[in-house]
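S.K.: Sequence:
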Amino acid sequence: MTDLLTRRAVVAGMGVLGLGLLAGCNPARGLDFKYGKNMSNEILGRKFKLKDTQGNERSLSSFYGSMPMIFFGFTQCPAVCPTALARVAQIRKMLRGRDLELFQPVLITLDPERDTPEVLDAYVKAFDPSIIALTGTPEEIAEVAREFKVFYEKVPVGDTYTVSHSSTSYVYDTRGTLRLSLGHSLNAKECTEDLLTLMEIC
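When we follow our numbering, the leftmost residue of the sequence shown carries the number 1, and every step to the right adds one.
By construction, these hints were calculated from the structure, which means they are not laboratory data. All values reported here derive from a predicted model rather than from experimental measurement. Just so you know, not all the hints are guaranteed correct.
Restraint ranges, calculated between C-beta atoms of paired labels, are given here [claimed, not checked]:
| # | residue 1 | residue 2 | range |
| --- | --- | --- | --- |
| 1 | 114 | 147 | 28 to 38 angstroms |
| 2 | 41 | 78 | 33 to 43 angstroms |
| 3 | 160 | 96 | 40 to 50 angstroms |
| 4 | 143 | 96 | 14 to 24 angstroms |
| 5 | 47 | 114 | 40 to 50 angstroms |
| 6 | 139 | 160 | 38 to 48 angstroms |
| 7 | 160 | 82 | 25 to 35 angstroms |
| 8 | 154 | 93 | 30 to 40 angstroms |
| 9 | 157 | 65 | 23 to 33 angstroms |
| 10 | 139 | 90 | 30 to 40 angstroms |
| 11 | 143 | 116 | 14 to 24 angstroms |
| 12 | 177 | 78 | 28 to 38 angstroms |
| 13 | 140 | 82 | 20 to 30 angstroms |
| 14 | 66 | 186 | 18 to 28 angstroms |
Glycine included, each C-beta is placed from N, C-alpha and C at the ideal position.
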């Protein structure tokens, strides 16, 4: 945590010198992520409309004012999804104050047929109560996956199936502009360091 705070102090100092571009996030400057990828020139996920587990319609604009981290998964995922959700919980423990309030993790299910709202809500809340889960019809989920260029497919396993899928997390700024992608192999500390960089500059 000390290392994260030290890096944050450096970034804050850059902001004082005018390199932080606090009035507007310029993708050509300032967004020098140590671990993730700068996605400022990419346009993904602008049009999605899904429902949360309480039945409320959600779109990217629903998260304006926060910094959503959107990732995909499903409740019967054997390893990748639990790891991603546990990482979210660890990230939240590393964030403090306004940074913690800004960070909004969002899971979109890739298995809406089995992930009922009740099952989905209980699953994500078991990792952290702040996580918002979104679902829709199979057709809506397929369209959103295309929007995000997310690969997924059903894979037969005996008399049931699992879902093979890509596992990148996408982070937006408070105005709904995609800024950062975080690979599944990154740990919570590495993700938090990049998130703090983004929060300082954008």
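S.K.: Compare the structure with each hint and give your call.
M.R.: Hint by hint, here is what the structure shows:
1. Remark: the range hint 28 to 38 angstroms for residue 114 to residue 147 is contradicted by a beta-carbon distance near 22 angstroms.
2. Range check, residue 41 to residue 78: Cβ separation about 35 angstroms, and the 33 to 43 angstroms hint holds.
3. Checking the proposed 40 to 50 angstroms range against residue 160 and residue 96 shows it holds: the Cβ atoms sit about 42 angstroms from each other.
4. Checking the proposed 14 to 24 angstroms range against residue 143 and residue 96 shows it is violated: the Cβ atoms sit about 37 angstroms from each other.
5. Between residue 47 and residue 114 the beta carbon distance is about 26 angstroms. The supplied range of 40 to 50 angstroms is therefore violated.
6. Taken as a hint, the range 38 to 48 angstroms is violated for the pair residue 139 and residue 160, whose Cβ atoms sit roughly 22 angstroms apart.
7. With their beta carbons about 18 angstroms apart, residue 160 and residue 82 fall outside the hinted range of 25 to 35 angstroms.
8. Between residue 154 and residue 93 the beta carbon distance is about 34 angstroms. The supplied range of 30 to 40 angstroms therefore holds.
9. Separation of residue 157 from residue 65 is about 41 angstroms and departs from the stated range, judged on CB atoms against 23 to 33 angstroms.
10. At about 34 angstroms, the beta-carbon gap between residue 139 and residue 90 stays in the expected band of 30 to 40 angstroms.
11. For residue 143 and residue 116, the Cβ-Cβ distance of about 20 angstroms falls inside the hinted range of 14 to 24 angstroms, so the restraint holds.
12. Roughly 34 angstroms separates the CB atoms of residue 177 and residue 78, a value that falls within the hinted 28 to 38 angstroms.
13. Between residue 140 and residue 82 the beta carbons are some 25 angstroms apart, a value that agrees with the proposed interval 20 to 30 angstroms.
14. Separation of residue 66 from residue 186 is about 21 angstroms and conforms to the stated range, judged on CB atoms against 18 to 28 angstroms.
Of the numbered hints listed earlier, those contradicted by the structure are 1, 4, 5, 6, 7 and 9.
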